[in-house]
Amino acid sequence: MSISVKNISKSFKDVTAVNDVSFEVKEGELFGLIGPDGAGKTTIFRILTTLLFADKGTATVANFDVIEDYKEIRNNVGYMPGRFSLYQDLTVEENLTFFATIFGTTIEENYDLIKDIYIQIEPFKKRRAGQLSGGMKQKLALSCALIHKPKVLFLDEPTTGVDPVSRKEFWEMLKRLQKKGITILVSTPYMDEAALCDRIALIQDGKILQIDDPKEIVKHFPTTIYDIKADNIYKLLVALKEYKHSYSVYPFGEFVHYTDKRDAIDTKELTLFLKDKGLNNIIIQPTETTIEDTFMELAK
Amino acid sequence: MKRFAGFIRKEFYHIFRDTRSLFILFGMPIAQVLLFGFAITNEINNVDVAFFDKSKDATTQEIINKISASKYFTNKQMITNDAEIEPVFQKGSVKAVLVFEKDFSEKLTKENKTYVQIITDATDPNTSNTINSYLNSILQNYQLEINKDIKAPFQINSETRNVYNPELKSVFTFVPGVMTVILMLVSAMMTSISITREKELGTMEILLVSPLKPFQVILGKVFPYIFLSVINAIVIVLMSIFIFKMPVEGSLFLLGFESVLFIINALSLGILISTISSTQQTAMMISLMGLMLPVILLSGFIFPIASMASPLQVISHIIPAKWFIIIIKAIMLKGVGLSFIWKETLIILSMTLFFIIVSIKKYKIRLE
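Those sequence lines, one after another, are chains A and B. Oh and the first sequence: position 62 is 62 in our numbering, straight run, nothing missing. Oh and the second sequence: position 238 is 238 in our numbering, straight run, nothing missing.
Next comes chain A alone, as it looks inside the complex (with noise of 0.2 Å):
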């Protein structure tokens, strides 16, 4: 195992961050945590890469225990906080120098490494790393916390404020780093990207609600969910929650999703219901499972 979480718990003052986790991710592994903003992921983040003790529970990284071998740990892990953590008054090259050095390397001997993310800022190398666009940056940050070829990396949000291209771009160079045999643990509040991971955790308020597969874990979605459309949103949302069949209902880009208490809906029924509360242009129609679906219902 690469990473071995056995029922961690952390409390800031009366603040339960991380609550009785366990997980393992597997060497090579691509492991997401996803879950909101607060529900723990930097906490169990700062906890594996030895910043954090944790007040419960034993946990080890490449198979050094996070208390009593932290050095070996720090020796072996990148690590990428979720805030910007380069100098901004540095350029490009520097910083990357600057990481090289003080793990003892050289940026010549691990390039093949992190070749394919840093020659595309390249160009920019004398740049310094604060006038570089959202996007740059967090290439420059994976660089830097890949130049010492580390066995386990840790990005806590790393696609955080990145523009959709360069967040797809960013996971492809993820996927290519795990060829390489790097365990990656990566987290994220995008439900989307969950489904890139090999695994995935969905955590909520310092629980994990469930560990699986992607493909998986929207298997297990007990019912059908609809796609329901009308001329006014708002209204909808409310009629749905009046009907008397309604299980779940929430908003899901330009349409509400909606389950039913019943196996299946009759479709005719609940059109006649929502024209009765003075909706128009009704479209009701079954919809795939997603992720956040999944996350919704678990997380009720």
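Simulated from the structure, these hints should not be mistaken for laboratory data. Remember, it's a predicted structure, so these values are computed and weren't measured experimentally. Just so you know, nobody snuck in bad clues.
Label-pair ranges, simulated between beta-carbon atoms:
id : chain 1 : residue 1 : chain 2 : residue 2 : range
1  : B       : Arg9      : A       : Lys149    : 17 to 27 Å
2  : B       : Thr279    : A       : Thr160    : 14 to 24 Å
3  : B       : Lys213    : A       : Ser9      : 21 to 31 Å
4  : B       : Phe227    : A       : Arg127    : 20 to 30 Å
5  : B       : Tyr363    : A       : Arg127    : 26 to 36 Å
Partial chain B-side listing against chain A, Cβ under 7 Å, derived:
id : residue
6  : Glu205
7  : Ser210
8  : Leu212
No residue lacks a Cβ here, since even glycine has one placed at the ideal position from N, Cα and C.
Mind docking chain B on chain A? Use the hints.
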């Protein structure tokens, strides 16, 4: 070692790319020394005075000439009636007015007694006192001159000699003070800010999750500032020697050694501050309030410690700057060797060790 060198290189990048701190580092020492050396002094020079001479005889003329000829006073104007006195003070054109009574000379010879009134502008009490005593001593001198032939039956003659600073130049006391303040400020404030900046930007998190050992991070932070502070100390000493003609009676080597010791003391204080503050703002406030004020007010730099209230005197003992000022004054002005200042040196040394031990104890290898 290579890691450490890389870290130090990074620190120098930070310093040289931040023009504001560069300005503080090198502009302030020069500005402060010049300011204290030229502008802020206790001495009086060319003070404007006015005379109201009601008798206009040979004696008063001679006294007026004597006063005006001294380098301390300038004859600004002659006043011809009482009503003019108030306005000249209000205008601020003179600091003192001398009023000679009528028939000054005549009274002096016939009655052996005559009066001159000295009116000073006491909005600044210190200056007014000094002006007063300078004027009095000129008058006294004159009196001695005219009494040359007469021998008084009993006399106590005082003969004053001001050793170590015979001309009583106030710049001689300001230079050690300014040097202390600058070294304290640059070393303690700048290091504490530079360490907390890493905390604030979140880069400390990455440094912690790296094979760099805590003492390497700290030493790497401190090292550039030792270097810069030494340059500052050299600049200040050179300025005081060449611009203000301040002597260095003792050994320059000893002065250098004591300065480095004090710099390390200030740096360790800076580290200590950074371990207890989490933002640059806090670090700066603690440095300014907790270090600068005591260094300026309680170290004997501006106000003599002996005339402070006793609780403040006690507090002044724990201020490293106080001991350092004693040391530099002793080396530069008295020319003493280590055997005379070993006690002060030992005090600074033990304070330094104390700060270092506490900071190592308080330095966090984790986030909490």
